[in-house]
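J.: All chains should be built: construct the whole structure from the sequences, respecting the hints.
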Amino acid sequence: MKYALAVGALCIVLLFTATVPLVAHHSFAAEYDNNKPIKFSGKVTKVEWLNPHIYVYVDATDNGKTINYAVEGGAPNGLFRQGWRKDTLKPGDTISIEGFLAKDGSNTVNARTWVLPDGKKVFAGNNEDGGPTARP
Amino acid sequence: MKTRMMILAGFLLFVPLFAGAQDKKVDMNGPAPRLPNGKPSIAGVWGQVRRADVTDKKIPGYVAELPYTDWGRKQWESYDARKGDYTGTCLPFGMSRTVYGPWPIQLIQDNDYLVFLAEQNSWFHVVPTDARNYDKDLPPTWWGESIGHWEGDTLVIDTRNINGYVRVDTIGHPLSDKARIVQTFKRVDFGHAEHTFTVDDPKTYTKPWTITETWTLRPNVRIMEYSCEEGNKDLYSGHIKVWQPPEEEK
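Heads up: the sequence lines are chains A and B, in that order.
Residue numbering for the first sequence follows numbering that gives the first Met the number 0, starting at 0 and increasing by one per position.
Residue numbering for the second sequence follows numbering that gives the first Met the number 0, starting at 0 and increasing by one per position.
Because the hints were derived from the structure by calculation, they are not lab data.
There could be a bad hint or two in this list.
Listed next, the in silico PhoX-like pairs over lysine-lysine satisfying Cα-Cα at most 20 Å (straight line) [as the list claims (entries may be wrong)]:
1. K102(A) - K35(A)
2. K45(A) - K85(A)
3. K102(A) - K240(B)
4. K102(A) - K232(B)
5. K120(A) - K89(A)
6. K232(B) - K85(A)
7. K232(B) - K45(A)
8. K185(B) - K38(B)
9. K82(B) - K102(A)
10. K73(B) - K185(B)
11. K240(B) - K82(B)
12. K177(B) - K202(B)
13. K135(B) - K177(B)
14. K119(A) - K89(A)
15. K38(A) - K102(A)
Facing chain B, from chain A, some residues (calculated, C-beta under 10 Å) [stated by the list, open to error]:
16. E30
17. L49
18. H52
19. A69
20. F79
21. D92
22. S105
23. T107
Here a beta-carbon is modelled for each residue, glycine too, at the ideal position from N, C-alpha and C.
T.: Here's what the structure looks like:
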């Protein structure tokens, strides 16, 4: 029994700690501002699993006002290869995001770090797009 | 029984993590496969070396300093992705930005052709490997026209007639319509290929520059569909601008 639980736990840990070499189809600088870092937590309202980037919409409260952020992540192919699936994040899940706001003043965010519902912190942004904390 | 069920449940949870891989066992250091004509085949799915910036010193093989011409430096210093980078509009990345892009490439090869199947936007590029003449009637294109020839066991691919809009890498180092890209491929064993990438572009750079690197076979990766247009919200929402050909001289 303990062994079985350990196997299951290992699977979950692998799922959410897998390094995610995510990528972008265009440069970070084309849309986002590295002088506008943002960090928030909230509930997922919608997930769009589409190329070239997934979008996760998150309701976050700031000074009593609820803002629905459109959070851009990596491309589905890269996410899939690292173990993510379309339903890894679901509406109602609570997540935390660290990223950067768009230059145009909208509530669009380029995520660099996601803290998932189980508390695991993963890099799931648009890696290798030339943006902050992008890995080589 | 309950314990066995739990083990099974754990296994089933584990399986989807790697559902995209067939977990094929290969000897990465075994001999290179051969084409029917005896030349080494470079067919396979490759994890090429990702270079978002070819001058990035963290990645072995980087270019220490790009030897700009005045025109080339002007192109580099005036480049602003916010004004409409072509990749944001899902236009072809071209040879350079594809081989230095993040997504795997599958190479299909026979005696006469090498075909690039790029996962990036699901593009393909066909390269005759019979040293034929270039077609002077072809218009310039994003990928250009590539012709291959053999030098011993090394396949040389020479790409010309590029449209002058493609960039070398993600951060936008320039290439002109006078650029010529010469690549060599030599499969040294089953799992590895030596790749050189030379840019000879006298309009942009005062002398040719070369990257030398090793590609690693990814036998458990399959190329997936990548439809850049299906959800390109950045573009549709106006967050990034639609690329337009520059009006000034290329």
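J.: Against this structure, judge whether each hint is valid.
T.: Here is how each hint holds up against the structure:
no., hint, result
1, K102(A) - K35(A), "holds (8 Å)"
2, K45(A) - K85(A), "holds (11 Å)"
3, K102(A) - K240(B), "holds (12 Å)"
4, K102(A) - K232(B), "holds (15 Å)"
5, K120(A) - K89(A), "holds (17 Å)"
6, K232(B) - K85(A), "holds (18 Å)"
7, K232(B) - K45(A), "holds (15 Å)"
8, K185(B) - K38(B), "holds (10 Å)"
9, K82(B) - K102(A), "holds (13 Å)"
10, K73(B) - K185(B), "violated (36 Å)"
11, K240(B) - K82(B), "holds (6 Å)"
12, K177(B) - K202(B), "holds (6 Å)"
13, K135(B) - K177(B), "holds (14 Å)"
14, K119(A) - K89(A), "holds (16 Å)"
15, K38(A) - K102(A), "holds (16 Å)"
16, E30, "holds (5 Å)"
17, L49, "holds (3 Å)"
18, H52, "holds (7 Å)"
19, A69, "holds (8 Å)"
20, F79, "holds (6 Å)"
21, D92, "violated (18 Å)"
22, S105, "holds (7 Å)"
23, T107, "holds (6 Å)"
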